[in-house]
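Asks: Once you have looked at the hints, place chains B and C on chain A.
Chains as they are written, first to last, in the working numbering: chain A, 40 to 355; chain B, 756 to 1079; chain C, 1193 to 1601.
Among these hints, one or two may not hold up.
Unchecked claim - Which residues of chain B face chain A? A few of them, derived with a C-beta cut under 7 angstroms, are:
1) 824
2) 861
3) 916
These aren't lab readings, by the way, just hints derived from the structure by calculation.
Glycine residues also receive a C-beta, built at the ideal position from the N, C-alpha and C atoms.
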Amino acid sequence: MVVARTLESKLASLYKAGKIVGGVYIGPGQEAISASIGSCLSWDHDIFSALIRDQAGRTAFGEPILDATRSYLGSAKGPSRGRDGNIHRGRPNSGLPAMISHLGAMVSVVTGMLLARRIKGCLDGVVGAASVGDGASSTGSFHEAMNTAAVERLPLVVVLTNNQFAYSTPTDRQFACKSLVDRAVGYGVPGYEVDGTDLTATLRVISEAVRNAREGGGPQLVVANALRLSGHGEHDDASYVPEQLRKSPLGRDCMEVAEHQLLSTGLITEAELLAWREEATEDVQAAVAQAQQEPAPDPFADDWTVYASKEIATIS
Amino acid sequence: MGEITYIDAIRDAQHDLLASDDRVFIYGQDVGHFGGAFKATQGLKKLFPDRVLDSPISEDAMIGLAVGAAMEGMRPIVEMQFADFSSVGFNQIVNQAATQFYRTGAPAPITVRLPSGGTPGSGPFHSQMMESVYAYYPGLVILTPATVADAYSMLVAAVALDDPVLYFEHKFLYRWLKADQLNDGQEPLPIGKARVVRAGKHATVVAYSAMVHEALRAADLLASEGWEIEVVDLRSVKPLDTDTVIASVARTGRLLAVGEAFPWGGVTSEVVSRVTSDGFHLLDAPPQRLNSRDTPVPYHPNLWEAHRPTLESIAAAIRNLLQL
Amino acid sequence: MPEVPILMPQLGESIAEATIIRLNVKIGDQVIADQEVIEVETNKATMGVTTLCKGTVQELLVEEGVSYPVGTVLGLLDVTDEEAERTGVQGSNQPANPDSSAASEPTEEPRPHFATPEGGAHEPRAVEPSIRGLAVPAGMKGAHYLSPRMKARMDELGLRGADISAIVGSGAGGRVTVEDLEQFLEYIDSWPHSQASPMRLSVADSMRRSWTRPLASVGRPVALDKLLSYRRSLDPKPPLTIFLLRAFGKALAEEPATAGYLIGEQIVHPRALDIGVAVQVEDGVLVPVLRNVDGRTIEELMDEYQELIRKARERRVPEGNTGGGIATVTNFGTFGLMWGTPIPLPSETLILGMGAGTKKPVWSEDEGVFIPVTEADLVLTFDHRVVDGGGAGMLLNRLNELLQEPDSL
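Okay, chain A solo, but in the shape it has when bound:
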């Protein structure tokens, strides 16, 4: 979480300094939820489709932060080599698919990855998690994917972060049910609701859902409530978020809550927390510096191929 917050603050300031091409999308307020997902999963074993505000989860899962800085800063050595940017990155061969912009579309991809492992006979103990938001839950893709995963009874854990806004659209314009967890019944899957600002709670609930899925309980829908503490992107000032929402318990910063919880239960000390912050700052600086020094993609060096099959690429 600390790493995520530090990295994203740095990215935001780079954006405001004009150093980043394209948009910057960060996830303050959602680190607890995201980190909980990532820490319940294993790199190269489980599957995690991270979405827009999942830096904490990505880091917890195992994605190097250099992937983030390279993608944002346009390094030719980034995971897409400049062909895609910001949060459209992943490592498909290690269980981290790269998202497309169409929300909801990744849930069926994770479903397919799990189905493949079942057919191959290596699904035991594997969980596939997909992160979505309140906005994504309105899409047809989301619906089709949830339904299909439920019919196939695959170990899919969908963590739906309701951060109260899809860009500028508040939840009363997004859905009419009382809570998004009500949909779980419709899909025939277990549903959980949790206070997303509370790290202890999110860890407990998400790990329970993950365990259920791992043990053959089929898809699980976790709805975590929080407030988006940034604009939709760094180009957006979120002036439409009402003040009383910001001041409500929903508007608590999960970082502060987590730090308080960790310190008050004696799990960490002030010194350790400080050391984490310093380490995170150093790691982020190093990752940014490295990415900044790397070359940008060269249109003359890029082979511009779109086909993996050589026999097609050569005649296209």
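Replies: Just chains B and C, lined up with the frame of chain A:
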């Protein structure tokens, strides 16, 4: 022995693929015990119970699932019940599958089978030819087999490719087109190569899918009038074999591109555009196109027959071309 | 009594035929409308074939266990006129069913698009192409339109428009198609032919280019006696053409615009009066140019003139005397020709030609008799865009005046 139909070939290909490659599985509506709306998978679930799976009516999820499975090393074949319904999964095809390799370096070797084209009474939503719409997007391979042998060999080749393939099978050819055997002992032509199915010298007609057969009938009719018409079967729309087409126009000097698709843009435009750019000096007359009318496909057979190119309209178009 | 057919229906997408499982009626049975009279099986399902209306089974044309294509007439019902009208089916003139494997339908029934491979005549329907191809462009109708392939082929063979003017075109508007060309070439190939010399080709190109302008010719007779006697008085005797050259130069010096050259909307005036002389050589014509003709005397011109004629005959005209002339003189009288319509060089507006001199009786008003006069015709061919008949005529008259005073040249 006996006759093999076009759909027999498709079924046989899927059978052979399932039998020889554990990574292959078939996913679609009603493909399981029912054997598919057109019986393209008849009997396969019995033989391969874990790899022929019925899906809900969710074309978006079907394709997304296939991409995910392909990322995990599988070779899914997704059957769309009708090509017309693939528009519900359009996003997953053109934005997820088609961009996967380009953006991430991880290939997405899915094969989507799309029953296409009109039959009498099939109406606006069970008749569409959609290859042009998808060919527009980079990253996809678009196939349109016109013969029984190609129906078999191109489906097998499609699954072997490491790229997402849209395999447009023509519904009318399913049971109407028959052959004595699956192949004539010759090496199948590779994907991306067109075939000159009839040699000629007065004009070239480029066609694909079911229209190849109409074009051949038109060529026969013109032969009785003293004209030798060359017919080229594109076989794959993308990549499109410009070389073969241009070589043909070099022989004949006249071009008519025929398609059952709607007239705006599309395959016939692409053919004419390429020949005009790369082979302008070979043309003795302006190149022509013949497509369906610019309306949704009508339901009543009287209207339907007048909506699409027919033997008569192709022959008329060729005669017109010869007189230019 | 009218007959109504029982037809094999279209039983599903892409179904082309079905097998008769059971005939539920026999000939003579009374049936009602929508009664299932025959059971058929496709590879998907078993279905029933129903009657269109009430009637009596008159004929059953099919057998159990056999497959028939969609649209086949399976049987016939005898019906009343009211029933026939109610169902909108035409009555008695049904075509007889051929044997079981062929398709056969009454005329109203929509038939499957592709005829069955075994046959069954498919009546042509007038269907128009959805795209109307553009014919040869409207402004290009006729023999002038050359397709890109024509142009490429002509380029390849070194042919020009004039070369193919002998071909009758079979294309739209009478245009010459590549096929016409190839046939023509095959045809002439069978005739004896030889390679044209480079000189021939050079002249051909030059004349072709010149001929793109509207050229006209005017002429008048000129009395040569004074010139001839003056010439005899000189030693050495200058060739006749030199006097013509000098006179031409002098006349043009007085009116240089006559020799102006039109390019677009500009008339380019001559800078210097350089005039060429046409020399017939083997298989062609060369035109060496004498510079500054009006500024030099006959004596000054003579040596260079002789030299150039000689060199031209050897085809070794020096570079300094090649091109750049503003007009040409051609004395075709040396061949015994009386008159002609010479063609100027493509870079020139005027060419002056002279025919052979002959003694003619010319009426003399003064003396009241015909007196012998040696006359020759002078012809001036001009680019009518720059010069009109009047201007040309005035130039010729001036030339005549000058030639009557040969010592002034």
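Asks: Looking back at the hints listed earlier, which ones does the structure fail to meet?
Replies: none
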